[in-house]
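Colleague: Fit chains P and R to the supplied structure of chain X, relying on the hints for placement.
Chains as they are written, first to last, in the working numbering: chain X, 1 to 105; chain P, 1 to 313; chain R, 1 to 502.
Hint data in this document are derived by calculation from the structure and do not stem from the laboratory.
Hints are supplied without guarantee of correctness; some may be wrong.
[Claimed, not checked] Not the full set, but computed from the structure, chain P residues with beta-carbon under 7 Å of chain X: (1) D7; (2) G9; (3) L13; (4) L15; (5) V53; (6) A56; (7) G61; (8) T65; (9) V96; (10) A98; (11) L100; (12) G106; (13) S122; (14) A127; (15) L131; (16) L159.
Even for Gly, the Cβ is constructed at its ideal location relative to N, Cα and C.
Spelled out, the chains give:
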Amino acid sequence: MTSALLFAFSGVAVIAIGLFGLIGRWRIERRVIAFNLVGSGMFLLFGAVAARRAGVDADPVPQAMIITGIVVAFSATALFVALIERLVAETGRSTLPEDTPDEDA
Amino acid sequence: MTPVLFDAGLCVLILGVALASVIVREAFAAIAFFIVYGLLVAIAWTRLDAVDVALAEVAIGAGLTGALFVGAMSRIAQAAEAQAAPRRHPERLAVVGALLLCGGAGAALIFTVLQLPEVAVSLASLAEANLALTGVTNKVTAVLINFRGYDTLLESVVLLVALIGVWSATPDRFWGGPPGLQLAMTQDSVLGFFGAILPPVGFVVGAYLIWIGSSAPGGAFQGGTVWAAMLLLAVLAGLIDPPLVSKRSLRFGLVLGPALFLAIGIAGIFRGSFLGLDPPIAKTLTLAIEVGLAVSIAATLALLVIGKPRRAA
Amino acid sequence: MTWATGLLAPDQPWAPLLVATPLAAALAAVPFGRRAPLLLVALTPFSGALAVLAIAQVWSHGEIVYHVGGWPPPLGITLRIDGLSAVFIATTALVATGVALFSLPKYGRQSKGETRAAFAFWPLLFAMWAGLNAVFVSNDLFNLYVALELLTLTAVALVALDGKPKTIAAAIRYLLFALTGSLAYLLGVIFLYGVFGSLDISALAISASPHAVVLAAGVVMTTGLLAKTALFPLHGWLPPAHSGAPAPASAMLSALVVKASFFIILRLWFTALPMAASAAFLQLLASLGAVAIVFGSVLALRQNKLKLIVAYSTVAQLGYLFLMFPLAGGGNEMQSWAASAWTGGVFQALAHATAKAAMFLAVGAMIEAAGEDRLDRLTGIAHGVPVAVFAFGLASLSLMGLPPSGGFIAKYLLLTSALASGQWWWAAVMIAGGLLAAAYLFRPLSRALAEADPKLFTPVPRLQQFIPLALAALSVLLGIFSAQPYALLQIGRVPGASEGLP
Chain X
1 MTSALLFAFS
11 GVAVIAIGLF
21 GLIGRWRIER
31 RVIAFNLVGS
41 GMFLLFGAVA
51 ARRAGVDADP
61 VPQAMIITGI
71 VVAFSATALF
81 VALIERLVAE
91 TGRSTLPEDT
101 PDEDA
Chain P
1 MTPVLFDAGL
11 CVLILGVALA
21 SVIVREAFAA
31 IAFFIVYGLL
41 VAIAWTRLDA
51 VDVALAEVAI
61 GAGLTGALFV
71 GAMSRIAQAA
81 EAQAAPRRHP
91 ERLAVVGALL
101 LCGGAGAALI
111 FTVLQLPEVA
121 VSLASLAEAN
131 LALTGVTNKV
141 TAVLINFRGY
151 DTLLESVVLL
161 VALIGVWSAT
171 PDRFWGGPPG
181 LQLAMTQDSV
191 LGFFGAILPP
201 VGFVVGAYLI
211 WIGSSAPGGA
221 FQGGTVWAAM
231 LLLAVLAGLI
241 DPPLVSKRSL
251 RFGLVLGPAL
261 FLAIGIAGIF
271 RGSFLGLDPP
281 IAKTLTLAIE
291 VGLAVSIAAT
301 LALLVIGKPR
311 RAA
Chain R
1 MTWATGLLAP
11 DQPWAPLLVA
21 TPLAAALAAV
31 PFGRRAPLLL
41 VALTPFSGAL
51 AVLAIAQVWS
61 HGEIVYHVGG
71 WPPPLGITLR
81 IDGLSAVFIA
91 TTALVATGVA
101 LFSLPKYGRQ
111 SKGETRAAFA
121 FWPLLFAMWA
131 GLNAVFVSND
141 LFNLYVALEL
151 LTLTAVALVA
161 LDGKPKTIAA
171 AIRYLLFALT
181 GSLAYLLGVI
191 FLYGVFGSLD
201 ISALAISASP
211 HAVVLAAGVV
221 MTTGLLAKTA
231 LFPLHGWLPP
241 AHSGAPAPAS
251 AMLSALVVKA
261 SFFIILRLWF
271 TALPMAASAA
281 FLQLLASLGA
291 VAIVFGSVLA
301 LRQNKLKLIV
311 AYSTVAQLGY
321 LFLMFPLAGG
331 GNEMQSWAAS
341 AWTGGVFQAL
351 AHATAKAAMF
361 LAVGAMIEAA
371 GEDRLDRLTG
381 IAHGVPVAVF
391 AFGLASLSLM
401 GLPPSGGFIA
411 KYLLLTSALA
421 SGQWWWAAVM
431 IAGGLLAAAY
441 LFRPLSRALA
451 EADPKLFTPV
461 PRLQQFIPLA
471 LAALSVLLGI
481 FSAQPYALLQ
491 IGRVPGASEG
501 LP
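Looking at chain X on its own, in the form it has when it is part of the complex:
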């Protein structure tokens, strides 16, 4: 088993772990961490899959895409966190209301 394959499997495992964190009924701020894990695991999977293909010379295109992905993920996380903070400041709770949108007539 090559190193690249090992990292690919690890990436998959991290995705699964992150997915577990997402599904569980955690508060939203824990879900953001889980989101980041899923994203990071995907990047790891991508890099490992690309490394498997590349052989000796590292393939720069997936690496550039992953860097782009890391920045984009950070942007989304920052927005996510700002919205959660605002929700907590307004309602004091950090869970999404489960009620349907047409609750008041």
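Modeller: Chains P and R in isolation, oriented as in the chain X frame:
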């Protein structure tokens, strides 16, 4: 120790820390584990011969994201203390169900990975062949700024949009005020000490990273993030005040990178193609784009971590 | 006229400029937010001209391919405009211009210094426009990912713009769904790169084969995109988000943003991986669409707030879009009804875009006049904002599928394809959907047309009433002048029957 054994050990650590950050009860512990996870993944990237990615991961993925979380958690904990939500213990059955679902998904993914063809063909050779036309020797920088610069341009706008979104999440009454919290910090404290010494050093390190990115791992994102970290340090130490969100010069700084990139791209139309960098001046253009991007990235990232205005002007 | 032929030459850079122009406007709006009206005056003619040029270019030369930076794939990113892109680009230009003009009274005048919402609105709107065009011209799967993220962040920020707790919660739920969708999409992209070493859609079209990994990647990507398009059962985020956003934002979201992810699904299954689509999968997509039509319509009937009615109507109308998959794809490409189904589905997207934008803007005007959107407060609003109510009614024609609107042509094309191909059950669903749409749109309309004292309502600027009327008129014009768009849409289709049913 053979390389594979080392990698196997690294993977075990990575998985353990990731699991811990999901399972552990306290939010701050989860963040701590997440940061460590980021550091370990950065090591994994070096093992995969992706040093530029490792730099980006450790700086943005582990460092800035961790800082973002820590700041957020403390504010969320403060506000949520007022209302004690009942602790909900998930039922045994639900946990098992979730485990099975995720385990199944993981297994399916592993199976798919094993189905991938074992072809040893990649774009590395193509990139290598065209590298001379780009004026740089770092292939990743060539891809980011030259071959696939269009993606980078869009991504720099994504960063800016995120900041606008973060700023607009502030209540109306705080608009126009300085972002972040008011910190009372004296010059004598440890933070004040390092806040005075490190930023100049960090500025040089960041500039070096940007410069060296054309021939060695580095570049606008890596250098810009170091700059952002120094800005954050200076703000946290109370040495500089975060500028008001309405300050014109700040806004120009935020759009400088994408605007310069876009302008060079449109100018390229007259010489051949949108975002086409003429080979004779490609290196200069690349450097100009990277410096511009780094300035905007530094400002945007720092402001994203500092957060939205929380007090009136 | 040689200069005209020169303008339309295949190597002209209209494709990248379509993205660059709104991007420039977005960047300029950050430091110069107070000059928003000026920016708009500069932007509108440019973007309009570019859209016209793009359409003319495709019309005369067929599919246009542009290599960004001069780098051919798989190293570089390729842009491609075909008939499908052209009609979406044109619709985006029309709707976005209308929305921007509509928003001038509310966000354009900043006499007392800058306000938060006015600062944020313009860069977000223009960046969203750039993101939409970026999706419609892109031929690279990773580039599409970045464009999708741009759309998601601008959309979420616009939803959260008014800052009320329920709206913030709606924005967070939207972000959750959208990010999960993006990650699922990315997963598919990773596997496709693993198999082919390229993410260029045209390259995939040539080398793709019905490999299990390819199908799995396609399914995962589609699932992610379905979350962004709010197809049942992944629609839960849409009603609160689209009803909680400010009216101009709701218009952009319902009309265009959800169509962008749908556009990518079309590209995926009709251009990139058509042979990997199994008949069962396509039937599943259409079945979900059918459920969405019925479910969304029934829920729309139960709402008491006008914006929620319109939002649930979006959920229902999006269902029609997916009926085209088993009719136009999955081995049907050479059948005579394939072109009708394809065109019908796209017409539905375009007619819905203009009609729904008109509807949300008209509702915005009504809310300005009445203060809120609860149905019992809107009794007789036609006396307050008659033009807006007329626009609402005109737009309803298209949603119900009544002639001569674009919605009628769309549903007619889909209906005849369904009957011709023997899949009559879709026809039944469409007829039911039309009846239900009439029901849930009749409720607010009849209320609006009731007797009331005009002095009860706040006067609303003429501009804000006539823009929805113009957009609603467009949705009707699409039906009247449908021949040219029909022909335009056939340009660039993966080889298949291009002659439709009589």
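Colleague: May I ask you to test the interface hint for A98 (chain P) with respect to chain X, counting a Cβ-Cβ separation under 7 Å as satisfied?
Modeller: 5 Å, holds
Colleague: Hint validation: G9 (chain P) versus chain X, beta carbon distance must be below 7 Å. Holds or violated?
Modeller: Where the cut-off is 7 Å and the nearest Cβ of chain X is about 10 Å from G9 (chain P), the hint is violated.
Colleague: The hint names G61 (chain P) as touching chain X; please verify it with the least Cβ-Cβ distance against 7 Å.
Modeller: 5 Å, holds
Colleague: Minimum Cβ distance from L159 (chain P) to chain X below 7 Å?
Modeller: With Cβ-Cβ at 5 Å, under 7 Å, it holds.
Colleague: Against chain X, run the beta carbon of L13 (chain P) and see if the smallest gap drops under 7 Å.
Modeller: Hint on L13 (chain P): violated, closest Cβ of chain X at ~10 Å, above 7 Å.
Colleague: A127 (chain P) was flagged as interface toward chain X. Is the shortest Cβ-Cβ separation under 7 Å?
Modeller: Nearest chain X Cβ about 5 Å off; hint holds.
Colleague: Go through the hint on T65 (chain P) and say holds or violated, using the shortest Cβ distance to chain X against 7 Å.
Modeller: Hint on T65 (chain P): holds, closest Cβ of chain X at ~6 Å, below 7 Å.
Colleague: With a cut-off of 7 Å, does the beta carbon of S122 (chain P) approach a beta carbon of chain X closely enough for the hint to hold?
Modeller: 4 Å, holds
Colleague: Can you verify the interface hint for D7 (chain P): is its Cβ closer than 7 Å to any Cβ in chain X?
Modeller: Holds, because the Cβ-Cβ distance from D7 (chain P) to chain X comes to roughly 4 Å (cut-off 7 Å).
Colleague: Return the status of the interface hint for V53 (chain P): holds when the least beta-carbon distance to chain X is below 7 Å, violated otherwise.
Modeller: 5 Å, holds
Colleague: Taking the least C-beta to C-beta distance, is L100 (chain P) closer than 7 Å to chain X?
Modeller: 10 Å, violated
Colleague: Tell me if A56 (chain P) is really an interface residue toward chain X, meaning its C-beta lies closer than 7 Å to one of theirs.
Modeller: It holds, given that the least Cβ distance between A56 (chain P) and chain X is near 5 Å, below 7 Å.
Hint check: violations occur at hints 2, 3, 9, 11, 15; the rest are consistent with the structure.
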